[in-house]
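A.B. asks: Modelling step: build the complete structure from the supplied sequences, incorporating the hints.
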Amino acid sequence: MKVEYYNLYSHCILITQNRVPLIAEYSRERLEKYITGIVNNSNSKLYSIYANPEHVHFLISRSPRISEEILLTVIADSSAKFIHDNKLSNERFAWQQSASAF
Numbered sequence: 001m002k003v004e005y006y007n008l009y010s011h012c013i014l015i016t017q018n019r020v021p022l023i024a025e026y027s028r029e030r031l032e033k034y035i036t037g038i039v040n041n042s043n044s045k046l047y048s049i050y051a052n053p054e055h056v057h058f059l060i061s062r063s064p065r066i067s068e069e070i071l072l073t074v075i076a077d078s079s080a081k082f083i084h085d086n087k088l089s090n091e092r093f094a095w096q097q098s099a100s101a102f
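So the sequence shown is numbered by our numbering: it starts at 1 and just counts up by one.
Hints are computed from structural coordinates only; laboratory data are not their basis.
Be a bit skeptical, because a hint or two may be false.
[Unchecked claim] Restricting the straight-line Cα-Cα distance to at most 27 angstroms, the calculated cross-link-like pairs of lysine-lysine (BS3-like) are: (1) K81 with K33; (2) K81 with K45; (3) K87 with K33; (4) K45 with K33.
[What the hints assert, rightly or not] What follows is a list of derived Cβ distance ranges for each label pair: (5) Y26 with I66: 30 to 36 angstroms; (6) K81 with V20: 17 to 23 angstroms; (7) I13 with E91: 19 to 25 angstroms; (8) N18 with R65: 30 to 36 angstroms; (9) H84 with N41: 16 to 22 angstroms.
Glycine included, each C-beta is placed from N, C-alpha and C at the ideal position.
C.D. replies: Rendered as structure tokens:
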């Protein structure tokens, strides 16, 4: 069966490893824009995002073709690489191995 709607809203939270405040204020906006691009490229829509020093909240309506688990894994892996590649953290950056979606 083909599902054609995009009203699958999720409030997602990614947390830095051990809740260490690794997201600096100077890099917050770049990280938010990067995550927005990942969501948009996944045929989903981002409504709100805010990166705190030790976690990121975002509200999305995701495509029915992608699960929350896969989307959050792509976001976490890609954003961690983005942070490393652009030296946006003074310490080794990592997300926790689990995330939340409500």
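A.B. asks: Decide, hint by hint, whether the structure agrees.
C.D. replies: Hints, verified against the model:
no.: 1; hint: K81 with K33; verdict: holds (15 angstroms)
no.: 2; hint: K81 with K45; verdict: holds (22 angstroms)
no.: 3; hint: K87 with K33; verdict: holds (16 angstroms)
no.: 4; hint: K45 with K33; verdict: holds (13 angstroms)
no.: 5; hint: Y26 with I66: 30 to 36 angstroms; verdict: holds (31 angstroms)
no.: 6; hint: K81 with V20: 17 to 23 angstroms; verdict: holds (18 angstroms)
no.: 7; hint: I13 with E91: 19 to 25 angstroms; verdict: holds (21 angstroms)
no.: 8; hint: N18 with R65: 30 to 36 angstroms; verdict: holds (34 angstroms)
no.: 9; hint: H84 with N41: 16 to 22 angstroms; verdict: holds (20 angstroms)
The structure agrees with every numbered hint stated previously.
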